[in-house]
Amino acid sequence: AQSVTQPDIHITVSEGASLELRCNYSYGATPYLFWYVQSPGQGLQLLLKYFSGDTLVQGIKGFEAEFKRSQSSFNLRKPSVHWSDAAEYFCAVPGNAGNMLTFGGGTRLMVKP
Amino acid sequence: EPEVTQTPSHQVTQMGQEVILRCVPISNHLYFYWYRQILGQKVEFLVSFYNNEISEKSEIFDDQFSVERPDGSNFTLKIRSTKLEDSAMYFCASSEAQGATGELFFGEGSRLTVL
Chain X
1 AQSVTQPDIH ITVSEGASLE LRCNYSYGAT PYLFWYVQSP GQGLQLLLKY FSGDTLVQGI
61 KGFEAEFKRS QSSFNLRKPS VHWSDAAEYF CAVPGNAGNM LTFGGGTRLM VKP
Chain W
1 EPEVTQTPSH QVTQMGQEVI LRCVPISNHL YFYWYRQILG QKVEFLVSFY NNEISEKSEI
61 FDDQFSVERP DGSNFTLKIR STKLEDSAMY FCASSEAQGA TGELFFGEGS RLTVL
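Chains X and W are the protein sequences, given in the same order.
Once you know that position 14 of the first sequence is 14 in the numbering used here, the rest is easy, because the numbers rise by one and skip nothing.
Once you know that position 103 of the second sequence is 103 in the numbering used here, the rest is easy, because the numbers rise by one and skip nothing.
Read the hints as simulated data drawn from the structure, not as lab findings.
Bear in mind that the values here come from a model prediction, so they are computed numbers and not experimental data.
Among the hints, a few may not be true.
In silico SDA-like cross-links for lysine to any residue, where the CA-CA straight-line distance does not exceed 20 Å [stated by the list, open to error]: (1) 57(W) / 97(W); (2) 42(W) / 24(X); (3) 78(W) / 12(W); (4) 78(W) / 51(W); (5) 61(X) / 81(X); (6) 68(X) / 112(X); (7) 57(W) / 64(X); (8) 42(W) / 10(X); (9) 68(X) / 53(X); (10) 42(W) / 26(X); (11) 49(X) / 31(W); (12) 42(W) / 80(X); (13) 42(W) / 95(X); (14) 68(X) / 26(X); (15) 42(W) / 18(W); (16) 42(W) / 81(X); (17) 112(X) / 63(X); (18) 78(W) / 31(W); (19) 112(X) / 3(X); (20) 61(X) / 2(W); (21) 61(X) / 103(W); (22) 57(W) / 3(X); (23) 42(W) / 6(X); (24) 83(W) / 18(W); (25) 49(X) / 103(W); (26) 83(W) / 114(W); (27) 57(W) / 79(W); (28) 42(W) / 108(X); (29) 112(X) / 80(X); (30) 61(X) / 3(W); (31) 42(W) / 3(X); (32) 49(X) / 17(X); (33) 42(W) / 7(X); (34) 61(X) / 1(W); (35) 61(X) / 39(X).
Generate coordinates for the entire structure from the input sequences, incorporating the hints supplied.
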């Protein structure tokens with residue numbers, strides 16, 4: 001079954017520092033991969049997605065992610081974190097049937113002033 | 001910007017009571033979903049709905065759960081007899097397209113607390 005693992009439950013970074021959130025996937029074929037963000041009191045918002053082509057994907061809010069097949073990874077990055085980026089971040093892949101998503105456990109990001 | 005709206009934002013109920021969570025998907029979307037997130041755990045798929053019928057459901061979605069699109073705008077999740085373990089945040093989502101390429105738009109969630 002397709003699955004994603006987010007090894008880091010919590011990450012704290014200083015404002016202005018760079019950020020990398022890890023996501024490892026298990027998928028039988030070329031995966032579709034997603035990153036969602038959940039800000040406090042908000043729903044899940046799509047940051048970016050990878051379907052095919054360029055392995056470096058640009059998303060909203062200055063985020064990017066790189067698909068690395070050799071490492072089965074799709075890590076999310078941002079060069080300079082803002083306090084408003086404090087949220088929970090979820091990596092996701094399509095489920096066993098195409099009409100659903102399977103989410104990772106999430107990484108909660110805290111931003112220090 | 002169009003959005004998915006959910007009501008109520010928070011509901012507290014007694015064990016054994018029926019609960020209905022309501023969602024208004026984005027108007028031109030055809031595919032509808034419910035997910036849930038138990039506190040501290042993953043976001044889990046419950047059910048997807050298309051063309052007035054369930055297209056997929058997970059093991060969580062047992063006989064206590066049902067979904068309905070009673071009119072042209074609302075999409076509801078009913079829990080017939082709530083259990084303590086139903087306490088969770090329930091997210092509604094909708095998409096325009098089917099399958100993995102269809103971006104899911106999520107509502108802000110309905111927090112259900114079962115006492």
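**Satisfaction of hint between residue 97(W) and residue 57(W), Cα-Cα up to 20 Å** = holds, 18 Å
**Message:** For residue 49(X) and residue 31(W), compute the direct alpha-carbon distance and say whether it is at most 20 Å.
**Reply:** holds, 19 Å
**Prompt:** Is residue 78(W) within 20 Å of residue 31(W), Cα to Cα?
**Reply:** holds, 18 Å
**Asked** Hey, residue 61(X) versus residue 39(X), does the alpha-carbon distance stay inside 20 Å?
**Response** holds, 13 Å
**Message:** Would the hint linking residue 83(W) and residue 114(W) be met if the CA-CA limit is 20 Å?
**Reply:** holds, 7 Å
**Asked** Holds or violated: residue 61(X) with residue 103(W), Cα cutoff 20 Å?
**Response** holds, 17 Å
**Prompt:** Are the Cα atoms of residue 42(W) and residue 80(X) separated by 20 Å or less?
**Reply:** violated, 27 Å
**Prompt:** Does the structure keep residue 42(W) and residue 3(X) at a Cα separation of 20 Å or less?
**Reply:** Holds: residue 42(W) and residue 3(X) sit about 12 Å apart, inside 20 Å.
**Request:** Would you mind confirming whether the straight-line C-alpha gap from residue 61(X) to residue 3(W) stays at or under 20 Å?
**Result:** holds, 18 Å
**Prompt:** Is residue 42(W) close enough to residue 10(X), meaning Cα to Cα at most 20 Å?
**Reply:** OK: residue 42(W) and residue 10(X) at ~14 Å, within 20 Å.
**Prompt:** Are the Cα atoms of residue 42(W) and residue 7(X) separated by 20 Å or less?
**Reply:** Given pair residue 42(W), residue 7(X) holds - Cα atoms ~13 Å apart, limit 20 Å.
**Asked** Is the Cα-Cα distance between residue 49(X) and residue 17(X) 20 Å or less?
**Response** Judged against 20 Å, a Cα distance of about 24 Å means the pair is violated.
Violated hints for the displayed structure, listed by number in ascending order: 6, 7, 12, 15, 16, 19 and 32.
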